Amino acid sequence: MRRLMPFLMTVFFLSFVSVGLFAQQDLAQSVSAQIAVASPEQAAMSISTWAEQHGGYFVVRTLDRISFRVSPGSLPALRAELDSVSFQVLTFSPAARDVSNELSTVEAGITSRNDAVGRIMKFLATSDVPATLAFEKELNGLVSEIERLEGRKRFLLDSVALARVDVGLSSTQRKVPAVLPSSFDWINTLGLYRFLNETRQGGR
Amino acid sequence: MRLRAAALAVAAVIAAFSVSCTTVGTRLTTPSGFAEFQAAGEYRIISPEGVVLRVRTAENEPVQTLDFWAATLKRQLSQSGYALLAEGTFDPTKLPTPSTSPHGDYFEWSAPVGAEDYTYLTAIALAVDRIVIVEAAGPIEYYKLHAEQIHKALDTLTIAGP
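For the protein sequence lines, the chains are A and B, in the order given.
When we follow our numbering, the leftmost residue of the first sequence carries the number 574, and every step to the right adds one.
When we follow our numbering, the leftmost residue of the second sequence carries the number 582, and every step to the right adds one.
Some hints could be false.
Capping the alpha-carbon separation at 25 Å, the derived lysine to any residue pairs in SDA-like fashion look like this [claimed, not checked]:
(1) B/LYS725 <-> A/SER612
(2) B/LYS725 <-> A/SER666
(3) B/LYS655 <-> A/VAL662
(4) A/LYS695 <-> A/ASN713
(5) B/LYS655 <-> A/SER612
(6) A/LYS748 <-> B/LYS725
Read the hints as simulated data drawn from the structure, not as lab findings.
Nothing here was measured: the structure is a model prediction, and the numbers come from that model.
Isolated chain B (complex conformation) (with noise of 0.2 Å):
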């Protein structure tokens, strides 16, 4: 019995450290116009026009909830004085997302560039000890161009594997 549940545990931290490994290689499905390019070990995609999305990870520490973290990064860029143009969920199934956060949460804020208005896209779900980072941003005509296949691009987030 006591055999058993120490293979258990051994097996248990294995998986977990595992999933903490593979979470680095968080990425999407390409949605079609768009490039794939990898650069510090990161899922990065271009379109045409320089419309650049990134999917990265970062460590849940301090441990917290999906509603808190997004809660924080909201009113972070906001009183940053980034403007808000839009909020909402997406559904991340392929993620091993926590029951208590089994979705994601994003948010379009638009901030100048230059003479160019920008659109930044912000998306964040939990996988497992890590959270999920999505950016994505371009020129407001052109992001707006590619937004709806972000947006669906969101649900296909998934751990690439080492």
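Chain A on its own, in the form it takes in the complex (with noise of 0.2 Å):
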């Protein structure tokens, strides 16, 4: 048992190791974000455009929100180039969520379904009528939840290949504030145009 320990324990090691190395994380990764723009026109044009050349496309783009794929080796360089197209990213938010488990379910459940209709259809040849009415009532109901499976698992796959990115685009507005009285006096000294005269008179 003593000589057999030092084995026992490298078998254990080695498996442990390998479970580390091998284990594969399918992660379906997103962001959202929330930017402050002049122009959400431009800002959208600019944001597709680089989507586009990094490997990506844009989903949905209208006048206050953008949708894209992108790959998500690109995700990193996203943050600079928010920044670089608007005044301000107001929320910037990662999420990753491994989809390994439910990839391994789905798949499962297409391997046994494919089974069963295997089965089905070798008794298929040699049933008789009721019995062959039987089989393909099942094999109707089969074949539906495979194509289910089918595309969850391209919905799946198809999340881990390309990021989701959802940029909300606040315009910054092009409405000239209007001067509203306050009841409060200092309140009625505020505001950016009587700032800008008043400092850049160099009086008050």
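Fit the two chains together into the complex; they arrive one by one in their own frames, and the hints show the way.
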């Protein structure tokens, strides 16, 4: 037993290391951001061009929002891009979801249903009419389940291959603010134009 | 005992008066890249690109908390048509702020000036009986260059002395 111990420990260690090395994480990455821009239209154009340059494409582009897909490898550069096209990045929330387990479950589901289809097909060749009808009904159910699972698998793989980015575009407006009187004296002394006049003229 | 109470009262009045007078000289540590200039007794700084900042004070009249004034300021400028870009707090540790409002509040707005978009910063803190007001503004791309330094400088607000 003593002589076996080093061997068993080595096997245990190697299996542990191999699990660590080869355990594959399928991450579905996404980023949600809100940026303040002077021209939402221009910013959306710049962002979609950037996405295309990084192997992606835009999904939705409206006046206040742009959603696009891009390779996960280019996400680290996304923040700098948003900084460059906006006045300010108001929020930037990256997220990642490990879909490995769900992917395994979906794949296992597809395999088991395909096996069931294979077994039914074998029986189908020798079955009588009532049994054939029952098998066909069962086959229809299995095929539709397989299609649903295949769709889910494609969706998960797609989520891993391309990250989803959703950027809200807050317009900084091109409207000149009005001067509204306040009941409080010092509040009445605030205002961009008044401030610029007073500081540029060197007096008050 | 009476004499002592009277002396304490006089001292308190003198202290309050002196603070009231000296808050007029409120300033902050000039961020690098800005030049300081005095005008109308206020602390003012300007960057080469024209980003301007000034510090002044106003009487806390009627006496109110920082939360009250911050809410009033925010409402006033929002209703006037300024677009709120960001808001937050700062920590003016060198100011004699009341224990109920030890921090300061800032708001960054956007508004057009001619063909350009400007950022306008309004920041307030309380110092004894006065409201310390910091304003800064500049074209958005230039303000952005100095925004971090300006935010840091808000923490250095202090009473400069007579």
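Evaluation of the provided hints:
1. B/LYS725 <-> A/SER612: Holds - the C-alpha atoms of A/SER612 and B/LYS725 are around 17 Å apart, at most 25 Å.
2. B/LYS725 <-> A/SER666: holds, 21 Å
3. B/LYS655 <-> A/VAL662: holds, 21 Å
4. A/LYS695 <-> A/ASN713: Holds, at about 16 Å.
5. B/LYS655 <-> A/SER612: holds, 24 Å
6. A/LYS748 <-> B/LYS725: Given that 25 Å is the threshold and the Cα spacing comes to 21 Å, the pair holds.
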